[in-house]
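Spelled out, the chains give:
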Amino acid sequence: MTTMSDKQPPAPLTDIERVTLLCVAGHMIPASVEYGVPGADDLRIFADITRSIDRDREALGKALQVVNDLSDGMILALSRAEQAKRLAEFRTRHADLAGVIESVVARCYYRDDRVMASIGMEARPAFPKGYKVEQGDLSLLDPVRARGRIYRDAG
Amino acid sequence: MNEPVDVLIIGAGASGAAVAWSLAETRMRIVCLEQGDWPKSNDFPSTGTDWEARALEDYAISPNRRALEADYPVNDDDSPIKIANYNGVGGGTVFYAAHFPRLHPSDFRVKSLDGVAEDWPLDYGTLEPFYALNDRMMGVSGLAGDPAYPQKEAVMPPIAMGRTGEVLGTAMNRLGWHWWPSDAAIATEEYEGRAPCINLGQCGSGCAQGAKASTDVTYWPEAIRSRIEVRTKCRVSRIETNDADMATGVHYFDADGKEVFQPAEIVIMACNGIGTPRILLNSASSRFPDGLANSSGLVGKNLMLHPYAQIRGHFDERLDGYRGPPICVWSMEFYETDPARDFLRGYSYQFSRGIGPARTAINGFADGMVPWGEGHHAAFRRLFERSAGMVSVCEDLPEETNRVTLDPDLKDGNGIPAPRITYRLSDNTRKMLEHSVARGVEILQAAGAHDITTKAPVPYAGWHLLGTARMGRDPERSVVNEWGRSHDVKNLFIVDGSVFVTSGGVNPTSTIQAVALYVADQIKSRIYELFD
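Which chain is which? The protein sequence lines are A and B, in order.
For the first sequence, this note's numbering gives the first residue as 3, with consecutive numbering after it.
For the second sequence, this note's numbering gives the first residue as 85, with consecutive numbering after it.
Hints listed in this document are in silico derivations from the structure and should not be mistaken for laboratory results.
Using N, Cα and C, we set each Cβ at its ideal position, and we do this for glycine too.
There may be inaccurate statements among the hints.
Stated by the list, open to error - Under the rule of at most 20 Å between Cα atoms (straight-line distance), these lysine to aspartate or glutamate pairs were calculated in the EDC-like manner:
hint	chain 1	residue 1	chain 2	residue 2
1	A	K131	B	D127
2	A	K131	B	E274
3	B	K539	A	D98
4	B	K195	A	D155
5	A	K87	A	D98
6	A	K134	B	E273
As the list claims (entries may be wrong) - Covered stretches of chain B, going by a simulated chain A footprint (3 or more residues, C-beta under 8 Å):
hint	region
7	228 to 239
8	262 to 269
Let the hints inform the model, and build the full structure from the sequences given.
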């Protein structure tokens with residue numbers, strides 16, 4: 003077995019992989035003026051994505067290769083509308099590989115301070131402040147109590 | 085060779101910690117070998133904003149994905165349910181949700197009541213004092229009076245059921261179905277030096293607050309104060325025996341990869357339902373050609389995993405989101421056998437709160453509810469902090485074809501053969517899963533949910549590793565006797581989930597630990613005739 007500690011760090015993205023991923027990320031989660039958020043192709047977010055691929059490096063490489071194959075290696079040369087069409091085809095035909103890219107992109111996009119603020123999250127770790135959750139109304143259990151015991155005797 | 089010890093425990097997880105603590109009062113020399121290290125709470129994912137990513141990386145539940153030094157690979161290609169574990173002091177309790185139901189009285193009498201599988205050689209009444217002791221040691225929060233159980237003490241007030249619990253509970257009331265705030269091994273107030281829960285929401289990646297009862301913060305500190313030694317980064321490969329068919333000790337690889345022999349008078353296995361048969365099968369010798377303690381041929385067989393179905397929906401109002409212990413309420417409405425159904429036995433529901441933003445997006449993509457492109461942001465906001473749902477925990481009946489064997493090719497970092505899982509869902513289980521999905525959808529509809537999604541079985545949910553060295557009175561039909569001692573090797577005991585005869589339909593940690601405490605009690609009370 004090869005453990006992570008034995009492994010070399012994941013190989014960096016090649017230039018073609020990098021630009022392909024940038025293109026896909028921008029299509030997946032574009033910037034929005036309405037919501038005041040950057041896209042996943044924002045430079046800061048994209049830098050986070052590329053240094054956080056970790057255990058998905060091999061699968062991501064396969065996914066990006068398929069994206070390139072579907073666009074004859076020319077995805078950047080296509081119009082944005084044509085890119086979107088090819089990527090929709092990619093998602094339909096290769097949902098598992100699309101899922102790899104979605105995971106790699108989303109887990110960095112949704113920890114960006116600007117994005118967190120936009121969706122109502124404080125830009126901080128959960129610990130040590132924690133969160134407040136209401137106890138809830140325990141009187142809702144009255145009908146359950148009234149119904150009585152439901153377990154079986156077992157001798 | 086090391087100095088001999090009186091008791092050697094393999095594994096420092098839920099059961100190893102409990103049995104060690106209980107035996108401490110004997111003043112025997114006790115050593116526990118653990119292949120992982122102590123968890124570091126200041127490194128847990130909830131201490132950073134990258135918590136969702138780390139739950140998929142170095143804190144992933146799959147040992148194959150995590151692939152850290154402490155982990156051994158598991159070949160689960162031939163199973164629709166993939167294995168989850170944590171290797172380190174605390175074992176699975178470091179990663180579990182601390183949802184802490186007990187088995188029900190009927191679970192111990194499956195054959196007598198329902199004509200399937202086997203009865204346990206124990207009953208609920210025998211284990212009840214050990215359940216109660218374990219509740220106090222772990223620090224269990226709950227609400228007394230649940231009509232799905234015989235009366236039991238609540239050590240602390242229940243965890244917050246929150247708005248999620250209210251919404252789903254109200255729906256259950258509309259349907260006339262049972263629900264109750266979950267028992268949780270989570271401190272809701274200061275308890276034995278542990279701080280109360282502050283709703284970090286990431287119980288599944290280790291509790292940085294220390295409120296969750298993982299055994300590294302419950303049993304082990306007390307056991308260590310009693311001079312029990314935990315030796316970390318020590319991976320056991322096999323158990324050695326002598327001509328009298330007694331265990332003489334274990335071979336293990338230390339932190340430097342050096343193979344060491346540790347002599348012991350008593351060996352106790354606490355390695356879970358996969359780790360234990362793995363070591364037993366790897367301990368085959370000329371005296372035990374089919375593996376140690378395997379005269380019944382049942383070591384590794386009857387693996388039970390608790391197939392899960394997941395049913396989730398989305399609501400117009402904001403619920404608890406990613407805050408709070410993920411599981412808040414349970415239902416035992418469909419737990420007991422009902423002749424009107426087309427399956428035997430039953431299942432529990434765990435009602436769960438929402439998920440983090442990255443997971444919301446990833447799931448939304450996969451379920452077709454969050455698009456790529458312009459519509460992404462609006463769709464995401466319709467889901468985020470508005471989701472809730474449940475998983476059903478279905479009773480998995482024992483079948484000898486579901487089993488753990490040694491993989492002929494795959495090995496861990498020390499060259500020890502890796503376990504291979506062969507597992508199929510039975511027709512009974514499939515019908516149970518379908519029933520739980522249909523009822524779950526009804527519940528969510530009654531609660532006013534929309535965009536309901538279902539998944540059955542949930543693939544990455546092989547947490548509960550049970551049945552592969554089961555207990556019983558008949559040596560031809562069980563691996564250990566009714567108090568956990570091997571039928572074949574009189575100084576070898578097993579205390580983990582391997583000994584389960586049947587699985588019940590609830591999370592097993594509470595029962596695993598109660599059984600471990602019971603076996604420890606038997607060892608203490610029989611100490612002068614232990615090997616007879």
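Right, here's what the structure says about each hint:
1. K131/A to D127/B: Judged against 20 Å, a Cα distance of about 16 Å means the pair holds.
2. K131/A to E274/B: Roughly 16 Å separates the two Cα atoms, so the pair holds.
3. K539/B to D98/A: The given pair, whose Cα atoms are some 16 Å apart, holds under the 20 Å limit.
4. K195/B to D155/A: Given that 20 Å is the threshold and the Cα spacing comes to 14 Å, the pair holds.
5. K87/A to D98/A: holds, 18 Å
6. K134/A to E273/B: Holds, at about 15 Å.
7. 228 to 239: holds (count 5)
8. 262 to 269: holds (count 4)
In this structure, every one of the numbered hints holds.
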